[in-house]
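All chains, full assembly: derive it from the sequences and hints.
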Amino acid sequence: MENPRQHIMAFLGRFFRCETLNGDDDIFAAGFVNSLVIVQLIGFLETTFSITIEDEDLELPNFRSVNRILALIEKKTAAKSQPNDYGKIASAVDAN
Amino acid sequence: MQIELSSRQKEARSRFRSFAEQQIAPYAGQWDNEQRVPSHIFAELREHGYLGAPVPAEFGGGGMDAITYGLLTEEIGRACSSVRSLLTVHDMVTLTVLRWAKPSLKEKFFFRMSRGELLCALALSEPNVGSDSSSVETTARHDSNHYILNGKKCWITYGQVADLFLVIAREDNGVSAFLVPGDTPGLTRRKIQVVGTRASLVAELELSECRVPKDSLLGKSGFAHLQAVAAALDFGRYSVAWGCVGIAQACLSASLDYCSKRKQFGVTINKHQLVQRKLSEMIAGTHAARLLCCRAGYARQIGDPQAISEALVAKYFASRTATRAANDAVQLHGANGLTENYPVSRFLRDAKVMEIIEGSTQIQQIAIVNSPPSEI
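Top line first, the protein sequences correspond to chains V and B. Just so we're aligned, residue 4 is where the first sequence starts under this note's numbering, counting upward by one. Just so we're aligned, residue 163 is where the second sequence starts under this note's numbering, counting upward by one.
Everything labelled a hint here was simulated from the structure, so no lab data went into it. Where a beta carbon is used, it is the ideal one built from N, C-alpha and C, also for glycine. It cannot be assumed that every hint is accurate.
Under 8 Å between C-beta atoms, here's a sample of chain B residues computed to sit facing chain V [claimed, not checked]: (1) G381; (2) A392; (3) S536.
Computed list of lysine to any residue pairs in SDA-like fashion (alpha-carbon distance at most 20 Å, straight line) [claimed, not checked]: (4) V/K79 to B/R261; (5) B/K268 to V/D58; (6) B/K264 to V/D29; (7) B/K514 to B/T501; (8) B/K264 to V/E5; (9) B/K376 to V/E57; (10) B/K268 to V/E57.
Far from chain B, by Cβ distances over 12 Å, these chain V residues were calculated [stated by the list, open to error]: (11) N6; (12) T23; (13) R67; (14) A74.
In structure tokens:
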């Protein structure tokens, strides 16, 4: 995905003016981000970046700023590239 | 840009319409009077695959795409809003469980839910809590391997007969969602009489020390507003929006028919321009509402996160259109419209419900301003 920051800014731009928004600015502080926006943000992140937001990711600090959202995407993408238990078992079966 | 149903969707709509016209519409007035949809209709819906229709086929559901499901909801809603409301509440809970329940909970219930063998209802509203759903007073406390629920729920559509309830309750850390079987000790139900969607078996629930296993919790504790509640209400709004198109279409069809037969001043009243004005507004409103629903459905089908905003707009517009159409339909029928010889007074009572459920018109207005869909 090229320039995820731009994608996130474009998404947030639907809800409030964010031309002057810095990476660490608190997007909740302005009062435009309610639960409905967060639900859509989660849907947007899952669809756009092919990740799954799990229960343990649902901490508001993870979504508080553009940089925190980018960090979450990076973490989820990295986790995805690691083989999970099923992947390890499948690899072991293949090796045999 | 092309907005057209596929041939498969058109065929499906013909099947839905035929079912609704034969099995539901002729009896809707009677069920409204008796204040109950009879249980054989649950069986009919189940046999036709209309309960759990939007659940993907690989999970035991009907595998209907969002627009085909919308067409089903419109056709059933055109015949009887009370029956349509069963599709709405059952499917909103079923899909929420599919998305947020733990595997062990799904194993217990999901297959039977997706086939409509277990009927589901949403238990969110309370005597003191309507629009401000984050303030529910029903409590859930953790007790080793169980949760214990206490509180009152009201306006629970199909609460008189549901096998499973999605109960929204407060924990110390926020609001959570639980799947609670209807036969849980401590859960009692009482019939509530309403004036709209009268046959939808509305109930009040009381939960007194209801003990459910720990895995009854959906999603993360304290996060129901970002998970289960959000998912359920989003689907509910989508389903209700299509149901409103059904009511508006029913009003239009009844009015066109009546106005082409009723004579005043020597001509059928559809020749009078003020009558034509009402009919034309009904036609345009119904058409526009259906297009908004199609757009919301398309957004769902392609997995667009804006589907939520599209459904908000569709529900807002369609519910107001249905109320206006029903009001005009009664007016066009004159005194006849106030009798039970014609269905339009039922349509009016049912339409008003649509402006209140799954977020009132005023709540939709706030939500739309805060979360508008982008330009096409």
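Do the hints match the structure? See the list:
1. Checking B/G381 against chain V: minimum C-beta separation of about 6 Å stays under 8 Å; hint holds.
2. Look at B/A392: its Cβ gets to within about 4 Å of chain V, closer than 8 Å, so that hint holds up.
3. A hinted interface residue such as B/S536 counts as satisfied when its beta carbon comes closer than 8 Å to some beta carbon of chain V; here the least separation is about 6 Å, so the hint holds.
4. In summary, the hint linking V/K79 to B/R261 is supported, as the alpha carbons are separated by about 19 Å, within the 20 Å threshold.
5. Among the hinted pairs, B/K268 with V/D58 is consistent with the structure: their alpha-carbon atoms are about 17 Å apart, no more than 20 Å.
6. Using a Cα cut-off of 20 Å, the hinted pair B/K264 and V/D29 is violated, with the two alpha carbons roughly 33 Å apart.
7. The straight-line distance between the Cα atoms of B/K514 and B/T501 is roughly 18 Å, inside the 20 Å bound, and the hint therefore holds.
8. With a CA separation close to 34 Å, the supplied pair B/K264 and V/E5 exceeds the 20 Å bound.
9. In summary, the hint linking B/K376 to V/E57 is supported, as the alpha carbons are separated by about 19 Å, within the 20 Å threshold.
10. Restraint check: the Cα-Cα separation between B/K268 and V/E57 comes to about 17 Å, which is no more than 20 Å; the hinted pair holds.
11. For V/N6, the shortest C-beta to C-beta distance to chain B comes to about 19 Å, beyond the 12 Å cut-off, and the non-interface label holds.
12. Listed as outside the interface, V/T23 is consistent with that label: its C-beta sits roughly 20 Å from the nearest C-beta of chain B, beyond the 12 Å cut-off.
13. The Cβ of V/R67 lies farther than 12 Å from every Cβ of chain B, with a closest approach of about 14 Å, so its non-interface assignment holds.
14. For V/A74, the non-interface assignment is confirmed: its Cβ lies about 19 Å from the closest Cβ of chain B, beyond the 12 Å cut-off.
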